[in-house]
Every structure is written in structure tokens, then in C-alpha cells.
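Knowing the structure of chain A, use the given hints to seat chains B, C and D on it.
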Amino acid sequence: MSILQILDIGLAGLVLAVAAWTVFARDAFAAVVGFVAYGLLLSLVWVRLFAVDVALTEAAIGSGVTGVLLIGAAGRLRKLEASGGDDELPGASLRLFAAALCIFVTLVLAGVVLSLPDPGPTLAPEAARHLAETGLGNPITAVLLSYRSFDTMLEKVVLVLAVVGVWSLAADQYWGGAAGNPRGAEPDGTRALLAQVLPPLGILIGIHMVWVGADEPGGAFQGGAILAAMWMITMMAGLTEMPSIRSRLLRLVLVAGPAVFVAVGVAGVAFASGVFAYPTGFAKPLILFIEAFMTLSIAVTLPVLVAGPPKRLRQQ
Amino acid sequence: MTAATLAGFIGSALVGLGLYGLITDPQPIRKILGFNLIGSGVFLLFGIVARKGAAAGFAADPVPQAMVITGIVVAFSASALAIALVLRLYEVAGPVSLRSEHTSNKAEK
Amino acid sequence: MNVLLDLFSVIAICFGTFFFLAGTAGLLRFPDALSRLHALTKADNLGVGLIVLGLLPHAGSLLAALKLVAIWALIQLAGATSAQLIARAIRRSG
Amino acid sequence: MNAAPIASASTAGGSLLWLAIILPVVGILASLLSGGRHAERIALLLMPTGFGIAIAIAIFLWRSGQPLVYVIGGFNPPLGIALRADGFSAVMLVTTALIVAAAGFYARAIFATPPGITEARAPLTFWILLQAIWASLNLVFLGGDLFNLYVAIELLTFAAVPLVCLDSRAETISAALRYLLFALCGSVFYLLGVALLYGAYGTLDIVLLSDRVSSEPVVWVAAGLMTAGLLAKTALFPLHLWLPPAHANAPAACSAVLSALVVKGSFFLIVRLWFGVLPNVPHEAVSFILAALGSAAILFGSVLALQQERLKLLIAYSTVAQIGYLFLMFPLVQGPNLWVAEAWSGGIMQTLSHAFAKAAMFLAAGLIAESLGHDRIRDLRGIGAVMPMTLFAFGLGGLSLMGLPPSGGFLAKWLLLKASIEAGRPIWGAVMLSGGLLAAGYLYRVLAPALSSDILHLKAPPRRSREAVALALALTAIALGFAPKAFFDFLQIGRVAVAGGSS
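Chains as they are written, first to last, in this note's numbering: chain A, 1 to 316; chain B, 317 to 425; chain C, 426 to 519; chain D, 520 to 1022.
Pulled out of the complex, with its shape left as it was, chain A reads as follows (with noise of 0.2 Å):
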């Protein structure tokens, strides 16, 4: 047994371990924890499987944005509930049901994903075949912006219906008003520090992110998180503010991605050989320009996802 066996038998043990942690914690707030040092642990993972985009984004979304999301959550709800008089737990009937369902369902999942072939199909030769065309050195981003670019829109409309229902969720009166903090609400010097020294830094390695995305791992996803974390800090420092939802630019920057990912594709159908294709060798200029939409409309998406609906009126 390798060296680098006992590492990846070592590096499951203790995602497993965590991942229990999540599960089985008392307290709401360790298990959010838990789940945050968990979704970095996984990143481990996805690099040990080769799959450093996955990696990027596991930790940039997966576990660093869902992470302030669940730790913001999870310490608002420790402060409304004073007694949290609803942690009493299910039957132990209903538990044990539960959990042999749950070890049959593993065992099940295993025995299925060992008997998958290996080497399995593929199809990677094929992306590779017209990686050409696309003038791009990463197949990742190939797949999402040209093979399949009809799902990463979709799914940019997936994040522009989240901040329609998330802002669904205001009351009446806050409605054109803004979520989160108003500038300078709680002056902190550490915070300020930070949110002065790492955005520059950050806004860059997050542009380096999304152009190197072209030819190596990275892409508007990563870098758009990175944007999105950098705005984040700034605001907790409260150097800066969630605009009024009703904001026009608020609301441009949030349809930009898909609005530009829509009107490329459909540009297809005059200039190249159908919707969501792009002319012969225009394609590696039309989707840099399209990520450039697309990672600012995911840097503001983020945040705003993250700061929930409206919650006080707006500051004139």
C-alpha cells in the first residue's frame, strides 16, 4: 500500500467522520460548522479524482458561500429561538427505520457504482475531437459554454428565479428596500483592515480565475465566487451596502449573464449554424465575452442570495 493510499484511505475517513459530525451534532450551529470545514475536506477529494474545476468550485460555492449562508442562518436562528424547544427527535422506531433504509440505500449505491465498468464510457474523445473548434484549452469550459451551453443558461435562470423567490420573501412594507446591514452599522477595525487589503488582491486573482478558465482550470463560476466573497467582505466590514432591490443597475447586472447568454445563442441562428452555436472562429472571443457577463452577474448573484430578502427600507 502507497504512501498515497493510506493518505486518500486517511482523507475519507475524516470526510465520513465530518460528515457524521453534520449529522449527528447536538448543537444547529457545530453542525453548520461541521459541514463548512466538510466541504473543504471534499475539495481534497475532487482534487485526488482529478477534477481541480470541481475542486475550485466545491470550495469556492459548495462550501465557502454556502458556508456564510448556513453560518448567517444558522447564528439568526439561535438568537430567535431563546429556549429552541423543538430538538427533541423522532421515535426510535422511527429512527431505526430510518436508518436501515438509509445503510440499505448506501449499501445498494455501492455495490451499483463498483460494478460500473472501468474503464467506463466516455466522452471525453469526442469533447477532445471538437475542442478545436471552440478555440478553448479547457474541455470543462468547453462543455459548459459550447457543448452543452443550453444548460449553463438554464441554469443561470435557475439563479435569477432564487433571488426572484428568495426577494418573494420580504415583508410588504421593505419591498424596494435593501437586505443586510446599512453602511458603517457596526464599525469594526479588524474587519475594515481586511475588507481594505483583500478585495484588491481578490478581484484579481478572481479575473485571473475566470480568463485562465479559457485553457485551465477555473472559469466564471470560481472566479464569479471570488468576486462575489470579496463584495461579501467589504459589506461585513460595512464599507459597502446591498442596493435597493429595486435598484435598474441592481437588476441589470442580475439578468446580464443570462440576457447575454440568450441573446449570443439566439444570434446563432443568423450568424452560425443555430441557436446556441457560434460562427467558425468566433467562439473562443463570444464565450470570453459571454463568461465576462456571466461572472459578474454570479459575483452580484451570490451576495444577494446570501444577504435574503429585503429587511429594512432604503436610506435616501
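Treat the hints with care, as some may be off.
[As the list claims (entries may be wrong)] Straight-line alpha carbon distances no greater than 25 Å define the calculated SDA-like cross-link-like pairs of lysine to any residue that follow:
hint: 1; chain 1: A; residue 1: Lys-311; chain 2: D; residue 2: Leu-990
hint: 2; chain 1: C; residue 1: Lys-492; chain 2: A; residue 2: Pro-217
hint: 3; chain 1: C; residue 1: Lys-492; chain 2: A; residue 2: Lys-311
hint: 4; chain 1: C; residue 1: Lys-492; chain 2: A; residue 2: Glu-216
hint: 5; chain 1: A; residue 1: Lys-311; chain 2: D; residue 2: Gly-555
hint: 6; chain 1: A; residue 1: Lys-79; chain 2: C; residue 2: Arg-513
hint: 7; chain 1: A; residue 1: Lys-284; chain 2: B; residue 2: Glu-407
hint: 8; chain 1: A; residue 1: Lys-311; chain 2: D; residue 2: Arg-688
hint: 9; chain 1: D; residue 1: Lys-978; chain 2: D; residue 2: Ala-959
hint: 10; chain 1: A; residue 1: Lys-79; chain 2: C; residue 2: Ala-512
hint: 11; chain 1: A; residue 1: Lys-79; chain 2: B; residue 2: Glu-407
hint: 12; chain 1: C; residue 1: Lys-467; chain 2: A; residue 2: Leu-14
[Stated by the list, open to error] Label-pair distances were calculated between CB atoms; the ranges are:
hint: 13; chain 1: A; residue 1: Ala-263; chain 2: C; residue 2: Leu-499; range: 32 to 40 Å
hint: 14; chain 1: A; residue 1: Arg-183; chain 2: D; residue 2: Thr-637; range: 52 to 60 Å
hint: 15; chain 1: D; residue 1: Gly-571; chain 2: A; residue 2: Phe-282; range: 31 to 39 Å
Keep in mind that the hints were calculated from the coordinates and are not lab data. The C-beta atom is built at its ideal place from N, Cα and C for all residues, glycine as well.
Chains B, C and D alone, transformed into the frame defined by chain A:
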């Protein structure tokens, strides 16, 4: 044992663990955590499928990887909507567990 | 020359991991939150610093070396800020 | 039928397929961007256009007699994504366009932005999400790729859940949360099945998969997980718990869309899975289980509907029961048998007639609740005299649910009954008949007091135009009962025969 096989076990176990949390825990936020665990288990299974599809000079099949990236973003959006619902429910009704509240069959008074 | 550089890397990384180990032991063994925090941050800063130092000769290019240094700097910044915030939260909650 | 040419090339009229999806997507983006009253205008403007596209798809399909195909981006499956329309998709597209438009027209009175305000919460979100439901359902009906369909059902979830709690009451929020958790759990299990199928066969294209799959454990596990996930979203007994509170407490226009269309989206995918992806794998045992669950749903849902004291809850439990009928077609569409075409037509007819009838009934119930300020069944005495048109719409919808002639519901049940007898499985027919009797029972509970001669005073009389919308939907459900034979031939376009012995 290859990393992919090991990941297969982790993925399956995560689905089971998450499902257990989703079924048994009455607190909505814990149910959301359970859903996220199942989700990441499913994504890992995609990862194994991708790894087994290594070919044409790629260390893993890019198509399932792209699907996972899409899936992670969708899972985040779902968590955001669910959290917003939970917080709104607490605001309007106070602490509520999804188990104690019953399907109201009775006429509204 | 190469052997010397390798030796340097091995020693630096070994020391780096030792600090991580010590920090982890401190995190687990120290009695209260503030001293645990103390063990963790000291170990992290030195540990990451030494590991990055050990990896620098193997970076291959100037850009890669700069990225390694940037990683170290970012961890410093994040570690220092979060330690401050955690310590303040501990003090506030008593 | 040879599948290979279908998979690889766009057909004439194929462009309509992407247009049917992109049009409402553009509507969503434009509505959010321009905000306020524009959202309503954009939605109402796009609806007739979308209806035109749906009709055009049906015409192209009718002319060619072959499924329409569009390959997106010029990348053929398995690498790329194809959209396909068969007879079932086309009728669902038209139905969706009609019901969404009806719900939109009906909702104008409730979800109008109040004068003096540039933008209000409920109106803006309603109009955006209504278009989102429309877009995602069109994608569900047209998607030819299992992962693309995953995105479709997630879109549908995000569109449907907030509609449940637009009024911000605690009980609707908790109903929405429960609905969301069920739906998310359903999608994640669907996705798990997708991962396994890709791992086994290297494609997610429905037509390509149908050629490659064989009866092996991974297929059964994948199909089982996907079916379980979709059943949770369809609310088939015993996974129906989330449905009654969500559908009964949502605003009436939303209830109509949710009950008539949204649950049909995941049902459609179950049909796609077993009859599109797995037609070459004999699956009579699975069909039997689904039909057994369907039967349980019919009896259980109807009995619970009999006990409800609120009109909208009664209608919601009736949805639980009516969903059960949809699954009775499964054991009857097996093998190369003569009755298969009848059962297939019957199942689709049930889907369509229930959609129109249920939408009509929810809209009518909404009018009653608005006019009276409540929807307690025992206090509906005399409503027939003051709101005759509304009650007529409700009654006609009920006629179709009971399966009395002439109505789409009658035709659907008659076809299924005939098929079940020809197949030598009269048990399914017996379930249908008893379900019809129970439906008659719970509708009688509403109609008998409603038609009494008591004097009832309305808080506000309903608007004629809104009553007319409900009535038009109910009349469509009735009109389906007069569908000509050509209509049933149309439904067979693209149906793939399921392998298996004749029984």
C-alpha cells in the same frame, strides 16, 4: 484500492448519512444540511463516473464534471431559497419544527 | 546544489508540519478557547510559512513562486483576521 | 421505428422547439429588469405568442407524423443536447399555454400592481414565476437529455415553491418549505439515477439510451431512484403529504397552475423514463407497483376528500386521487398488444382533462372564497343562486372528474377501462369505477348544499370575465370528450412500443 473506488464508498455513504439526517431531524436547517450532504454524495458519484471515463489525454471525462459544476450552483440556490423560507417562517410563526406542525384538515376559523 | 536544495526543502517542510502537529495538539489539549486559539494561530503561521519556504525552490517558475508567496500572505491575513474576530467573540460572550 | 435518424438531425419546424423555451425565458429576464407593471404586460403579451408556437408545433407534428427534433448548438447527442416533440409533448405544450394564459388572465384582478405604487412584491413575483413555470414545463415536455431535464425540474421547483406562499401567512410558508424539501429530495434522487446511467452507458440522450440499456442491476437501481424522486414531486401516494397544504392554501390562480400542470411535469418525466428511455427493458412488475400505488392514491385521496370541510382542501385531495388514475395506464401499455394504443390515449386524455377540469375548479373555488370571504363547505348553501356561472364551471369540472359523459374524463376512463378488460386485468377497471363513485360522493357534498334554496349574501359579486375564464376551462374539459379519432392518432406519434410478452 484506487481513489475512485474509495470515493465511490464515500459518495454512497454520504447519500445514506444525508438521507438519515433529512428524515430524522425535525429542525429545518438540519434538513437542509442533510439535503446538501446527499447532494455532495451524488456529485462525488458523478466524479467517479468522470474518473472512470479518463480518455483522450484527459484525466477525467469533462462532461460529468461540467454537470457537477452546474449541480453545485443549483444546490446553492436551493439552499438559499430554503434558508430564506426557514427564516421567514421563524419571523412569522416563531420556532417551528416541520414535524410538530400538522396538515390542517380542519376548517379555518 | 540540487541535493542541498532538496535537503533544505525536506528540513523546512518537516519543521512546518511539526508546527502543525504542535498546533493541533494545542487545539485539542489546551483548557480554554483563547489559549487554543493562540496555539492554532502561532502554529499555522509558522507552519505554512516554513512549508511555503520549503516548496519555493521547486516552484519551477517565478510566477509559480510568486503564487506560493501570495498563498502564504493570504493565509496570514485570513488567519490574523479570523483569530481577532474569534477572540473578540469569546470576550464578548464571556 | 429506427431511432438513429431521429437522434442526429434537426427536422422541419425544429426551431419552434427552442423558441417555445426561450420565449418565456426572455419574458422572465425582461420582467425582472423592467419591473412593476411591465411584468404583467410582458407576461400577457407573450402568452398568446407562446400559444401560437405550441399550436404551430402541433401542426408540424401532425403534417410530418414523426417527432420533431432540434439539435442545439449543432452538437449532436451524446455530446450535445437535442430537443424532441412527440404527440404527448405537443398536447402538453398546448394545454400548458392555455392554462397558464387562463390563470394569468384570471389573476389580473388579484395581482395587479396597486395604483400609485410603481412596484409591489406579490404582483411582480407572481408574473415572473408564472412565466417561469411555463418555461420550465415547456422544457420538461421537449427536453431530450436527462441532465437537461434535471435542470428543467429544478427550474420548475424554483418557480413553483414561492407561488405557494405569496400571501406570507405562516401556514403557507411552512407548506412551501415542506414542498421545497420534498421537491429537492426528489430532484437529487433523480440526479443520482442520471449519474448511474451516464456511468453505465456514457450518454444521457433519451433515444441513444433507449438503444443501449439492457436489463441489468445498475439500470434498475437508477430507474428506481429516478422514479422515486419523480414520484415525490408528483405526490403519488404515499409521498403526497406535501400536496394538500401547498395546493389548498396558495392563491387560487397559483393552485390552478400547480394542481393542473406542475405535478404533471414530473409525471410526464416518469412516462418519458419508462416509455422513452426503457422501452426495450420489460418492466411489467414495476408497472404493477406503480398502478397499485395509483389505486391506493385513488381510494385514499377520495376518502380524505370526502372528509374535508374546506372547499380548496377538498379539491387538493381530489388531485391526490386523480394523480392515481394517471398511473393506471402503466400496466396496460406493456408489450405489443392491441389495447396499448387505447391505454396510452386514455392515460394522456386523463392528464389533459384533469388539467382543465382541476384548473377550472380551483379558479371557481377561488372566486367563491373571494366572494364569501371563506370556503367552508357547510356554509356554501345557496351559492348556486348567487354565483350560477361559477358553480356551473365547478360542476362541469366535477363531471369530468367523476368520469360522466360527455367529458374528457369520461373518455379517458372509458379508454382505460376498455383496455383493462381487453388486457384481462379488470381489477384496474374496478378501481377506476369505485374512484368515480367516490368522486361523485365528494362532489355531491359540495353541489347539494350549493344548489339549495337558501339565501346567501355575497361580500362582493365576482367579475363576469373571471367567471368566464373558469367556465371556459371547464368547457374545454367537457369538449375533450368529443375528441375525434384523428386526435388519438396524433397522440400516438412518437410512441415507442414497450418490449415484453403479450399477456
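Comparing the hints with the structure gives:
1. A:Lys-311 - D:Leu-990: With Cα atoms ~42 Å apart, A:Lys-311 and D:Leu-990 exceed 25 Å; violated.
2. C:Lys-492 - A:Pro-217: holds (15 Å)
3. C:Lys-492 - A:Lys-311: This hinted pair is violated, its Cα atoms lying about 41 Å apart.
4. C:Lys-492 - A:Glu-216: This hinted pair holds, its Cα atoms lying about 16 Å apart.
5. A:Lys-311 - D:Gly-555: holds (20 Å)
6. A:Lys-79 - C:Arg-513: holds (18 Å)
7. A:Lys-284 - B:Glu-407: Violated, at roughly 48 Å.
8. A:Lys-311 - D:Arg-688: holds (17 Å)
9. D:Lys-978 - D:Ala-959: This hinted pair is violated, its Cα atoms lying about 30 Å apart.
10. A:Lys-79 - C:Ala-512: holds (20 Å)
11. A:Lys-79 - B:Glu-407: holds (12 Å)
12. C:Lys-467 - A:Leu-14: Given pair C:Lys-467, A:Leu-14 holds - Cα atoms ~24 Å apart, limit 25 Å.
13. A:Ala-263 - C:Leu-499: 32 to 40 Å: The hinted range 32 to 40 Å holds for A:Ala-263 and C:Leu-499, with Cβ atoms some 37 Å apart.
14. A:Arg-183 - D:Thr-637: 52 to 60 Å: The hint (52 to 60 Å, Cβ to Cβ) is violated, given that A:Arg-183 and D:Thr-637 are roughly 24 Å apart.
15. D:Gly-571 - A:Phe-282: 31 to 39 Å: holds (33 Å)
Checked against the numbered hints above, the structure breaks hints 1, 3, 7, 9, 14 and satisfies the rest.
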